[in-house]
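> Here is how the chains run, residue by residue.
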Amino acid sequence: MLLRVLPLLIALALSLAPKSQAAVFIASPPASSPLAATPENACTAFLEDGSEARIGLLCHNDPVNHTDPTGLAIDTIADIGFIGYDIYKLATEGGGQGGENWKALGLDGAAAAIPFATGAGVAFRGVKAAERAAEAGRASKYEDSTKAGSRLINRETNVTRSQFEKNLAEGGWQKSVSKDGKVANYEKDGAKYSVRSDAKSTSGPTADYYKPGHDKPDIKIRLKKDE
Amino acid sequence: MPSAPFIVDSAGFARLTARAGEIFCADRRLPEQVFRSGFKDFAFLEFDVLLFREFWDVLADCARSCGDEDISVIVHEPDPEAYYFGNFQRYGVLDFERNATATEYKQAFLAEPENSPADALQYVASVISWSGSSREWGFWGERDFGVAIAAKRNANMSWPEVAGVSLFDLDTAVESFIAPNFEDEKIPQEFLAKLRRNFANARNKCDGVIAKSGDHA
Numbered sequence: 711m712l713l714r715v716l717p718l719l720i721a722l723a724l725s726l727a728p729k730s731q732a733a734v735f736i737a738s739p740p741a742s743s744p745l746a747a748t749p750e751n752a753c754t755a756f757l758e759d760g761s762e763a764r765i766g767l768l769c770h771n772d773p774v775n776h777t778d779p780t781g782l783a784i785d786t787i788a789d790i791g792f793i794g795y796d797i798y799k800l801a802t803e804g805g806g807q808g809g810e811n812w813k814a815l816g817l818d819g820a821a822a823a824i825p826f827a828t829g830a831g832v833a834f835r836g837v838k839a840a841e842r843a844a845e846a847g848r849a850s851k852y853e854d855s856t857k858a859g860s861r862l863i864n865r866e867t868n869v870t871r872s873q874f875e876k877n878l879a880e881g882g883w884q885k886s887v888s889k890d891g892k893v894a895n896y897e898k899d900g901a902k903y904s905v906r907s908d909a910k911s912t913s914g915p916t917a918d919y920y921k922p923g924h925d926k927p928d929i930k931i932r933l934k935k936d937e
Numbered sequence: 518m519p520s521a522p523f524i525v526d527s528a529g530f531a532r533l534t535a536r537a538g539e540i541f542c543a544d545r546r547l548p549e550q551v552f553r554s555g556f557k558d559f560a561f562l563e564f565d566v567l568l569f570r571e572f573w574d575v576l577a578d579c580a581r582s583c584g585d586e587d588i589s590v591i592v593h594e595p596d597p598e599a600y601y602f603g604n605f606q607r608y609g610v611l612d613f614e615r616n617a618t619a620t621e622y623k624q625a626f627l628a629e630p631e632n633s634p635a636d637a638l639q640y641v642a643s644v645i646s647w648s649g650s651s652r653e654w655g656f657w658g659e660r661d662f663g664v665a666i667a668a669k670r671n672a673n674m675s676w677p678e679v680a681g682v683s684l685f686d687l688d689t690a691v692e693s694f695i696a697p698n699f700e701d702e703k704i705p706q707e708f709l710a711k712l713r714r715n716f717a718n719a720r721n722k723c724d725g726v727i728a729k730s731g732d733h734a
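Chains as they are written, first to last, in my numbering: chain A, 711 to 937; chain B, 518 to 734.
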């Protein structure tokens, strides 16, 4: 029991520091993961066990809805996940070669106290796993790209419009399309995404996210162009 | 669904588009000069902000200071007649009384045509102009470039100061609102040069209310 509760307490206590930007990895959850996502949890951290760590968050196929504008929630969840994973590794493998698992836990504990320094332990184990996941299209990244003066939070992602819309459709979001086919809106539980392709500039499409009950967008997601 | 601000008759459409034609060159797009000669003191806003309900306070303030009877909003893209009237039997043109409310303004943008909720102006309108019946001021916005430009005829007219709606100089607009719409945030030199040539005179000339880079709304 202590093993389950301890990482949550540590991470929650340490992640109260003010934070400014977010970087989130999202990937498919492994069914065998000891911390696999469950439908009951709004946004559950999970970690995939393996020779090299692959990390991620599952947010009900809704990568942005379950982030808060400041990224605090995601960072906290990530911190919890990383520390939990370290403890899981310690419990199942012991200290590991050269005390690797203890070092990873120490690094993650320290990272939880630093805004968006999440996952130092995993970095210690090898960032190449995350890079490989991204290359394989299995991980998605959302980074804060908000500029001075903007009223909207901007997030840059490597997810394409078609991938993004596929995720929303699979997540049960109701779709409606404008007559000219340029805009697709997705609604669920009062929240909304408005996805559109840009006709003139050279950047990719965008998705404006409206929180439930909001009549103006809260987040502008800058999607990657489809290949 | 409130239909009052939507123009549904061809005479009203012709009247308001002709009036807007005295302020804007509606067939042009940025970085071309979209304002008629005589308009100056350009200031810049984030496009999305013009769809916020608090932007109505800016419009109403402009109308009060210039004695406007009404404020018109024209959607230039998609086509106000072929697309909007063709599909929904109402033009992509709105006409608000000067004493309309921010809620009425917002509701008009959110009003969903029957069986096509994604066609509410909030989501589908990509090129829009706002102006008053005095023809003394106007705003021109292009969603694809994330920016709107304000201009006025009379240098003595002050831009309203409304909480949550900041006007910026061109350099800030380029960096904060326009660049993110280009791949790797690299604006083509030709585009940038034309934008500066047409609108750069806003710098240090807009009554002291234009924020500089780093100022937040």
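Hints may contain errors.
Label-pair ranges, simulated between beta-carbon atoms [claimed, not checked]:
| # | chain 1 | residue 1 | chain 2 | residue 2 | range |
| --- | --- | --- | --- | --- | --- |
| 1 | B | R545 | A | D936 | 27 to 37 Å |
| 2 | A | K885 | B | S554 | 20 to 30 Å |
| 3 | B | N673 | A | G881 | 48 to 58 Å |
By construction, these hints were calculated from the structure, which means they are not laboratory data. Glycine included, C-beta positions come from ideal geometry on N, C-alpha and C.
> Confirm or reject each hint.
For each hint, the structure was consulted:
1. Restraint check, B/R545 to A/D936: a C-beta distance of roughly 30 Å satisfies the suggested window 27 to 37 Å.
2. Our hint of 20 to 30 Å for A/K885 and B/S554 is violated, since their Cβ atoms are close to 46 Å apart.
3. For B/N673 and A/G881, the hinted distance range of 48 to 58 Å is satisfied, since their beta carbons lie about 54 Å from each other.
Hint compliance for this structure: hint 2 alone is broken.
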